[in-house]
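Residue numbers (my numbering), protein chains in the order written: chain A, 712 to 818; chain B, 10 to 121.
Hints listed in this document are in silico derivations from the structure and should not be mistaken for laboratory results.
Any given hint could be a false lead.
FRET-style restraints, in silico, Cβ to Cβ [stated by the list, open to error]: (1) Asn804/A - Phe78/B: 18 to 26 angstroms; (2) Gly727/A - Phe78/B: 27 to 35 angstroms; (3) Gln805/A - Arg76/B: 14 to 22 angstroms; (4) Ala11/B - Asn713/A: 30 to 38 angstroms; (5) Pro17/B - Asn733/A: 33 to 41 angstroms; (6) Gly71/B - Leu760/A: 32 to 40 angstroms; (7) Ser95/B - Val738/A: 39 to 47 angstroms; (8) Ser88/B - Thr815/A: 34 to 42 angstroms; (9) Arg117/B - Gln805/A: 35 to 43 angstroms.
The following residues of chain A were derived to be distant from chain B, with all beta-carbon distances above 12 angstroms [as the list claims (entries may be wrong)]: (10) Leu722; (11) Glu726; (12) Ile730; (13) Gly753; (14) Gln777; (15) His780; (16) Ala787; (17) His789.
Quick reminder that beta carbons are idealized off the backbone N, C-alpha and C, glycines included.
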Amino acid sequence: KNEVEQSPQNLTAQEGEFITINCSYSVGISALHWLQQHPGGGIVSLFMLSSGKKKHGRLIATINIQEKHSSLHITASHPRDSAVYICAVRTGNQFYFGTGTSLTVIP
Amino acid sequence: KAGVTQTPRYLIKTRGQQVTLSCSPISGHRSVSWYQQTPGQGLQFLFEYFSETQRNKGNFPGRFSGRQFSNSRSEMNVSTLELGDSALYLCASAMESRDTQYFGPGTRLTVL
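With the rest of the complex left out, here is chain B (with noise of 0.2 angstroms):
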C-alpha cells in the first residue's frame, strides 16, 4: 500500500498570501489529521477530518482552514500567511480516529 502522501513538500510564500497544501491518505483511511511543528512550539494539533467532517480543531486562528473530499483526500488553507506561519506542516491518516496515525512526510512551508 502506497504511504501517505503530501503535495507539495516545499513552498516558498511571501506574508499576506495565501496557501492550500494537499494530503492523501492510505487508501482505505478515513480520518486524516493536520500538524505543525515548529522549533519554537514543537508539534501542535491543527485538526482532524473524518468522512468529509471536521472532528476536532486545535487551538489556532480562523486563518487556518481546512476540509476533506469524499474519497478521503484532505486540503489545508492558510490565508494572509504571516511569517511565524513559517513550519512543517505534517499529515497523519488512520482507519478510524482513535486508530494509529499514519504520518506523511509533511510540507515545508517557509513564508518571507
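In isolation and in its complexed conformation, chain A is listed as follows (with noise of 0.2 angstroms):
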C-alpha cells in the first residue's frame, strides 16, 4: 500500500495547454511538497504547502486537509516545463514520496 498516490503517471500536452497532476495520500501528515525533477537527476522544491493555495509563476499547488488531496496545476504549459514532477509528504518523522508524474510539453 503506498501512502502517496500520484495521477497521471505520464502525461503529453501541447505548449500552451493547462495541465493537472494529481496527488492523494492516506496519512496524517505536516506539510506536502512539490518536488520538479529534470533529466540528470536534479530535483527543485516547487512548493511546500500545509494548507490552502500557493502560487508562483505560472504554477499553482492547492490542497484539501479534509480530502488529504492536492493538486500541482501549469497553466500556458512551455517544453521546459518537460520534467518529472513528485509529490512529497512529511508526517511527524518520515517522507513519503509518490511515484512521480512524467510530463512532456510538445511545441
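Build the complex from these two chains, which are given one at a time in their own frames, with help from the hints.
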C-alpha cells in the first residue's frame, strides 16, 4: 500500500495547455511538497504547503487537508516544463514520496 | 550562495565493499536529509540530521548510517554493499527541519 498516490503517471501536452497533476495521500501530514526533477537527476522544490493554495509564476499548488488531496497546476505550459513532478508528504518523522508524473510538453 | 554539493558525483563499487558519500549543505543550513532514488522504488527517505543529531530515520537496514559534523556537513555510509544499493543518493539541506529543502545533484552509486 502506497502512502502517496499520483496521477497521471505520464502526461503529454501541447505547448500552452493547462495541466493538472493530482496527489492523494493516506497518512496524517505536517506538510506536502511538490518537487520537479529534470533529466540528469537534479531536484527542485517547487512548493511546500500545509493548507490552502500557493502560486509561483505559472505554477499553482492547492491542498485539501480534509480530503487528503493536492493538485499541481501549470498554466500556459511550455516545453521547459517537461520534467518529472513528484509529490511528497511529511509526517511527524517520515517522508513518503509518490512515484512521480512524467510530463512532456510538445512545442 | 553556493548550492548543496555532493561528492563524489559517480562511484562504482563491488559487492561487499563499503562506501562513504559526502554532502555539504548551503551555508547557514543546519538540517541535512538523505534520500535514495531507484527506478523500482522511486524516492525513499533515509535519514535526517539536525545540529549533529539524527532526528529521523527511514526504513533501511543498519548497513546504512550517517553522521553530521559541527559545520553541518554530512556523510552517509553504506557497508557490505549489495547490488540493490545501486541508486542515486540525494542529500538536501534546509535552514530548519520544517523549511523548504534544497537538493544537491546526487551521487550515482553503481554496485557490481
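- Query: Can you name, in rising order, the numbers of the hints this structure does not satisfy?
  - Reply: 2, 7, 9 and 13
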